[in-house]
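Protein chains in written order, with this note's numbering: chain A, 6 to 387; chain B, 6 to 387; chain C, 6 to 387; chain D, 6 to 387.
Everything labelled a hint here was simulated from the structure, so no lab data went into it. You may find that some hints are simply not true.
[Unchecked claim] Below, a list of computed lysine-lysine pairs in the BS3-like style, where the Cα atoms sit at most 30 Å apart:
#1 D:Lys143 <-> B:Lys72
#2 B:Lys380 <-> C:Lys387
#3 C:Lys321 <-> D:Lys52
#4 A:Lys380 <-> D:Lys387
#5 A:Lys67 <-> A:Lys360
#6 B:Lys143 <-> B:Lys87
#7 D:Lys28 <-> D:Lys380
#8 A:Lys52 <-> A:Lys28
#9 B:Lys143 <-> D:Lys72
#10 C:Lys321 <-> A:Lys143
#11 A:Lys87 <-> A:Lys321
[Stated by the list, open to error] Derived coverage of chain D by chain A (criterion: at least 3 residues anywhere in the stretch with Cβ under 8 Å from a Cβ of chain A; other residues may be distant):
#12 109-119
#13 131-145
#14 283-293
#15 370-384
All of these numbers come straight from a predicted model, not from anything done at the bench. For each residue, glycine too, the CB sits at the ideal point set by N, CA and C.
4 protein chains.
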Amino acid sequence: MPRRFIPLALILTLTLSADAQTKPRARDLGVPFDGTPGPNNAITDVKGVEVGHTTLMSGSGKLVVGKGPVRTGVTAIHPRGKASNDAVFAAWFTLNGNGEMTGTTWVEDSGFLNGPVMITNTHSVGVVRDAVIAWKVKHGGPDMEGYFWSLPVVAETWDGYLNDINGFHVRPEDAFHALDVARSGPVEEGNVGGGTGMICNEFKGGIGTSSRVLDAKEGGYTVGVLVQCNYGARDQLRIAGINVGREIPEHSVFKEDVGSIIVVVATDAPLIPTQLKRIARKVSLGLGRDGSYSGDGSGDIFIAFSTANPGAVGAKGIHQLTMLPNDSLNPIFLATVQATEEAVVNAMIAAETMKGINDHEVIALPHDGLREVLKRYNRLAK
Amino acid sequence: MPRRFIPLALILTLTLSADAQTKPRARDLGVPFDGTPGPNNAITDVKGVEVGHTTLMSGSGKLVVGKGPVRTGVTAIHPRGKASNDAVFAAWFTLNGNGEMTGTTWVEDSGFLNGPVMITNTHSVGVVRDAVIAWKVKHGGPDMEGYFWSLPVVAETWDGYLNDINGFHVRPEDAFHALDVARSGPVEEGNVGGGTGMICNEFKGGIGTSSRVLDAKEGGYTVGVLVQCNYGARDQLRIAGINVGREIPEHSVFKEDVGSIIVVVATDAPLIPTQLKRIARKVSLGLGRDGSYSGDGSGDIFIAFSTANPGAVGAKGIHQLTMLPNDSLNPIFLATVQATEEAVVNAMIAAETMKGINDHEVIALPHDGLREVLKRYNRLAK
Amino acid sequence: MPRRFIPLALILTLTLSADAQTKPRARDLGVPFDGTPGPNNAITDVKGVEVGHTTLMSGSGKLVVGKGPVRTGVTAIHPRGKASNDAVFAAWFTLNGNGEMTGTTWVEDSGFLNGPVMITNTHSVGVVRDAVIAWKVKHGGPDMEGYFWSLPVVAETWDGYLNDINGFHVRPEDAFHALDVARSGPVEEGNVGGGTGMICNEFKGGIGTSSRVLDAKEGGYTVGVLVQCNYGARDQLRIAGINVGREIPEHSVFKEDVGSIIVVVATDAPLIPTQLKRIARKVSLGLGRDGSYSGDGSGDIFIAFSTANPGAVGAKGIHQLTMLPNDSLNPIFLATVQATEEAVVNAMIAAETMKGINDHEVIALPHDGLREVLKRYNRLAK
Amino acid sequence: MPRRFIPLALILTLTLSADAQTKPRARDLGVPFDGTPGPNNAITDVKGVEVGHTTLMSGSGKLVVGKGPVRTGVTAIHPRGKASNDAVFAAWFTLNGNGEMTGTTWVEDSGFLNGPVMITNTHSVGVVRDAVIAWKVKHGGPDMEGYFWSLPVVAETWDGYLNDINGFHVRPEDAFHALDVARSGPVEEGNVGGGTGMICNEFKGGIGTSSRVLDAKEGGYTVGVLVQCNYGARDQLRIAGINVGREIPEHSVFKEDVGSIIVVVATDAPLIPTQLKRIARKVSLGLGRDGSYSGDGSGDIFIAFSTANPGAVGAKGIHQLTMLPNDSLNPIFLATVQATEEAVVNAMIAAETMKGINDHEVIALPHDGLREVLKRYNRLAK
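The following block holds chain A by itself, in its conformation from the complex (with noise of 0.2 Å):
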C-alpha cells in the first residue's frame, strides 16, 4: 500500500525543513514588496505560534482509487503553541464560499478560536477534525467530570488534479503527526503539508508565508500570514502588479480560476473579535493585488487571531483586556494586505513542479522567467 512509504517522505522532509527556508523566496528573486517583514517573513514571527506538516507523497502513474498517487498531507497552526490550551481571539471572513472551514460557527459566535487551525485536502476534512478532537482529549481532555467537547477549525482546498483524493489517504495520526512536530521558526513552504499537491495559478502552488512588522510608533506589532494557495487563473495572475502570468502561459492547467485559498493570519495586536473580522476581510485586498478575482469553485476562506489577552477564555469572573481602538488599526489592515500578497507568491516560488495522479504534471512558476518578466517592466528590486 502506496501510503506505507510515507514515513520514508516525512523523515525527508523533516530533515529538509532544517534548511527550508535557504531556498530563494519571493524577495531574493528580486520581487519588490512593501512593509518590512519579521525575522523568518512568516506567520511565527507571531510569537508563540508553531506551525508542523505532515506531506504524503507516495506513488506515480496512473491513478488507483485507495492507492494512489498520494500527494497531499496536512498543515497544522497552533496559535499559543502545541502545549497551550488556551483559546485566542479570533474571526473568519468568506470571500468565495466553495469550500470548508470547520468551527467557524463556533468562533463567530464566541469570538474565540479553542484550538489549532488545520489545512488538509477537501475529502479529509473529517477525519483530521475528529483526530484533533482525539488529539486533545489525550493532551488535554475532558473535565473532572469526565465532559469535554471540542469545535475544530480544519480548511482544506482541493488537490484532486494530483492526488488520489477519493482514496482518502490521510489517516489520524497524521493529523497527530502535523499537531505534534508543529514549531516556531523558519516554516516550509511550497510542496509541504496541506500544500503538497495544490495548484496556484495553474503553476504548481501550497504553502506560502509572509509577515510584517509594524514601527515602534504604531505599536510595533507583528502581523503573520500563511496561505495554502490553490486558486487561481493564470491569466489573471499579477506579481508586483505585473501580468506574469500572461507573460508566462505556458504549461497552464485549467482554463478558469477553479481552485481555492485558505488564509490564516496571526497577529500580537491587542484585537477584539470584531476587529479580527475586519483583518479577515482585508485579506481580499492581498488577493485583489495578485489578480484573484475569486471563481465559482473557489473556496476562498481567511481565519485571522491575536495571540493578545492570554487567559481571556478560561478565567471565571470579569477578564481584563487590552484592545487597540479602532482608529489604530490601519497599519494593520495594510500589514495584512501586504503579507497576503506575498505569502502567495512565496508560495509559488516555494513550490517546485509535480507530477500527480494519471501523470498529471503542473510546472513551478520558473524563477528565471519570473525575474526576466519583472525586469522588462522595470519591476525588478535588484
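Starting from the known structure of chain A, fit chains B, C and D onto it as the hints suggest.
Using the frame of chain A, we list chains B, C and D on its own:
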C-alpha cells in the same frame, strides 16, 4: 396648520410623565412574569440610560396629506446620558428586515454605538437622522480642523394606519426635543414618542419597557429593554403563554402581521460587541414567547449596548477593558428574553384606544378582558 | 467490543420503526397545537424527503473510553430521496453558535444544499462527513475526468452525559447505513439515530418531527421540521405556553442550558435561498414558544431547504425557476414556527428514560404528569 | 445665501453633460485595462439604468457653517429607469463599514431593491432619504387605502474637507432634481453629483464609471459599475499595477486612508440575490488592484443589482424566473473586478482640481504625469 398645536400636546405629555408609571403596568394587572425587575422596571434601570419622547398628536377625521391627522413622534435613548460624548460597545440583529435602522453598518464593523438610538415613523427616519448630526455638531462639534462626521442610529416602524405619514410631520426640532428632554427614571409607555401611532397584535401598541436585575452571584447586572412595538397578528398573541389574542378577537385591524418592532437592549454588564450580538439575537426568543411569527412586512430590528467600559472608543493608545466570559452569559440571555417578553405586554397595557386618520380606530388591550382570560387559564398572578 | 452488539440493536430498531408512530405523540396526549399537520406529521410529508437512522446502543455501567457504554447514532435526511443527485435551494441560520454544521459556507454562498443533511454526536462529525463523500463517490462518483468534490452538511449535538463520546464509536458504515435505510413515511422519534443519547430540557430528548399543510388558498404547500433536540433548562420549558418544566422538577440533570438543537426545515414551496434564510431564522420563534433562551453552551443551528425547482443547480444555460413572492410567505413563516414548536415536544414525548455511562439516568417526560399540568391550566385538548 | 446661486451651476453642469464623455478617460490616456467595455463604458450600458446628478457648487474662501463654500451634490441611479415602479433583485456588501447605506436591511432580507440608489454626502443622507419617499409618493403613491411605505437606499461619502458639510446644503429639491434628470447614455464623471467634493487617493475624486460586455458564448451580458470614490492613501495607489501614487507624491492631502467608496454594480445577467451578494463581494478585488487597503475611516459599501426578471416582486402568485447557474458566474465576477478597477481610475481622470472651504485645494491626478509613470514601467497602452 395642525402641527402648531403640538407644543400644547407636548406640555401635556411632559406633565403626565411625572406620574407616567402610576398607570397600571402588566404586573399590576396580575400578568405573571419571571425574574426580578429593577426599580423602574425600565431600560433606565441601567445606570446612565436616558429616554426622551416627543409626541405629535393633532387633528382628527379625514386624512389630508400634509395637514393630518397627526399621530406620531420621536423617542430618543441616550446610552450614557445626553451630556456624554462617549460611545458604547454595541451590536445589532435583524429577525425580519422590512424596516430601517440607519447607522448599523458602522455599529457592526466598529463594535461601537456613538450617540443616541432614535425611533420614529418610517417616513421620518431621514429628518431625524440629519437632526441628530446637527444636534451633535451643536453640542459637541467638529474637531479643531473643523472635521466631524456622524452616522446616527435611527429606527422606525410604520404608523400610516393612524398617522398622516406622508405628511412628513416630524421636524428637526422634534428630534432635538426628544434628545433634550431625555432623562433617567420612569419611562412613559404606550402612545408616546415614536410609538404614538403604533399598533401591536391589532391592539394599540407603542412604547414599552422592562428590566431585570441579576442575582449578586450572577454579577448583579441590570438588563433593560425598550420596545417600539407595532407588530403582530391578533390570533397569535400570547401573554403569559396563553393565546389571549384569540380570546379577545374584537376590533381586530389587519388580517396578518404587517407591522414591525424595534427593540433596544441596554446592560451594564461588561460585554464586548461579539457578546452583544448574541444578546440582540436572543430578543427573538422573547418575541417568540409573545407569539410573534415575524411576518414578511415586519421590520424586527434589535440593537444591544453595554454601558460598561467607558472611554473604550476615544482614547489613544491601548485600552483596558473588562469582559464577562462567555460562559457567564446565560443569566443575561435569560434576562433579555424575559424583559423583551414583558416590555411588549407593557406597551399594550399602557397604550390607550386611539382614533387617527379617516377615523381609523385601534382599541387598547382591555385590562379586564386580559385578566379574565388569564384567570380562565389559571395564569393570573394576583 | 461493545460495538459488535450494535447490529442487533439496529435490527431491533428497524423492526420497531414499522410501527414507529404507533407510540403516542404530543397531539395524542392532548397537547394543543395550531395548524394542520400532514399525514405523518413529519418532515417526510414534504414529498421526496427521506429520513434514516442508525442507532448505536450497547453496554452499560462505568465508562471505559473506547469501550462504552454507547448511546449514539446517525440520522440522515435526503432532501430529494437517496437516489437523487439533484441539489435543493437552501439556507442556514445560527441562533447560538456553540456547535457545528459543516458545509454551510457553501450553502450560504451558493444557495444550494447538495446531498443529505446528517446529524450525529459532536465528536463524530468528521467521520460522518468523510463517509458522505465516500458514499457519494460510490453512488455518483467523479466526472469523466475523474474530478469530484463534495462539501457535506453534517451537524451535531453533544451526548457525552450518556454516551462514551470520546470513544468515537460512530464508523463510516454507520453513516452509510443511515443513508441507505432512509425512506419516506413515518419517522421514528426519540432515542434514535443522532438523537439516541440526547437530553432536552433535562428530560430525555432526541429526534422529533412535525409538519404543516397550508390551505389551498395559501398555496397548499407543506412545511416539515425535524429536530435533534438536546437543549434547554427544565425550569424554562413551556409546552402549549405552560411552564411544564417548573411543575415537573423531578430528576433534573443540569443547572443551566448546556445543550443544543439542530433543526431541519423542508418545504415544497418554491422559495429561493434568500427566502429560505428567512425561514431558517423564524425557527427561533418556535423555540421561543417552547421556552428556550438558547444558552451559551448551545449549538442552535438551523437549515431550511426547498424541494421545488428540481434541476436548478445542474444544467448548463439559463435556468427557469419558480418563486413565491415575499408577501406570500407569512403562512410558511407561521407553519415553520408551529412545526418547530411541536417537533420539540414530539421528541420529548417519544423519548424513553435512558441509563448511560456511569449509570447516568435521564428520565422521559412523564406523559401523565404532562397531561395533569396542562389540565390544571385548562390547556388539555382532549 | 450661497445656495441661491446653485441653479446656475446646475444649468452649467447639465449643459456640459451633453459632451460629458468627450473629456479624455483613462483608456484615452493609454491606461491599459482588460476586457471589453460597452458603448459608453458606463453603468448605463446596462439597459434601463439611468443616472442623474445634482451638483451644488458655490462660494469660496473661509468656511461659514450654513453659508458655504458648497461643494456637494446628489447622484441618482434608477435600475429600470425613472418611470418604472418595478424592483430589481439586489444584494449588498460592506468591505469597511465606516459609512452609511440606508435601506440595506430590507435589501438583505427581501433580496430586492425597490427604487433608486442615491449617493450624497455623509450629512445629507437623511434629507435625501425622505425626499425619495416624497418623490415616490408623488410619482407612484399610496395604494387605494392610502397605505404606502418605502425604505430608500441612500449612501454617502464625506466631503467635509472641501464642502461646508455641516451647513446641510442639500435640499429635497436637489434629490428630486437628480431623480428627474437621470437618463441613459454617457455618464458625467468627476466633480459631479454626490461626488462633487470627493477626494480619492489624495487626488481629486468623485464619480467614475465603467462597464464590460461578455462574449456571446459567456451569455453576452453587460456589467456596469459606478463609483463615488473618496478613499485611499496616495502612496498605495496603483494604476495598471504600478504604484503611481508613490511617483506623484506632490500635494497629498492626508496621512492615511480616511475616505470611503460607494460602488454600484448593475448587470442584465439573470442573477438571484445570493449571486448578487457574491458580485458585491468581488468588488473588493477590484479595489485591491487599485491598491486600496480599506482604512478604518472608510465606508466601503457596495450594492449590486440585476435588471433581469422584471416583475419578480410585484405580481401575486408564483413567479417565473430565470437564473444563471453558479458555475457560469466567473466571467461576471471578472467583469465586476475589471470594471471596478477602471471606474475608480476614470473618476480620478475626470475630476478636476478643486478649491473648497478655507481654500483647501485638492489637485487632479495629472494626466501627463500619469502617462510618464506608466511609460517608465512599460505599461502605457498607447
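Status of the hints after comparison with the structure:
With a C-alpha separation of about 16 Å, the suggested pairing of D:Lys143 with B:Lys72 holds against the 30 Å cut-off. Proposed proximity of B:Lys380 and C:Lys387 is supported: the alpha carbons are some 20 Å apart, at most 30 Å. Pair hint C:Lys321 plus D:Lys52 holds up; C-alpha atoms about 25 Å apart against a cutoff of 30 Å. Restraint check for A:Lys380 and D:Lys387: satisfied, since their Cα atoms lie roughly 20 Å apart, inside the 30 Å limit.
Restraint check: the Cα-Cα separation between A:Lys67 and A:Lys360 comes to about 11 Å, which is no more than 30 Å; the hinted pair holds. Between B:Lys143 and B:Lys87 the alpha-carbon distance is near 13 Å, which keeps this suggested pair within the 30 Å criterion. Simply put, D:Lys28 and D:Lys380 have alpha-carbon atoms about 21 Å apart, close enough for the 30 Å limit, and the pair holds. The hinted pair formed by A:Lys52 and A:Lys28 meets the criterion: a straight-line CA distance of about 23 Å does not exceed 30 Å.
Between B:Lys143 and D:Lys72 the alpha-carbon distance is near 16 Å, which keeps this suggested pair within the 30 Å criterion. At roughly 49 Å between alpha-carbon atoms, C:Lys321 and A:Lys143 are farther apart than 30 Å, so this suggested pair is violated. As the CA atoms of A:Lys87 and A:Lys321 are separated by approximately 23 Å, the hinted pair is consistent with the 30 Å bound. Restraint check on the region 109-119 of chain D versus chain A: 0 residues with Cβ-Cβ distances below 8 Å, three needed, restraint violated.
Evaluation of the coverage hint for the region 131-145 of chain D: breached, as 0 residues show C-beta separations to chain A shorter than 8 Å, against a requirement of three. For the region 283-293 of chain D, the stated coverage by chain A holds: 8 residues have a C-beta nearer than 8 Å to a C-beta of that chain, and at least 3 were required. Coverage of the region 370-384 of chain D by chain A holds. Counting CB-CB distances below 8 Å, 4 residues qualify, and the rule asks for three or more.
Going through the hint list in order, the structure does not satisfy hints 10, 12 and 13.
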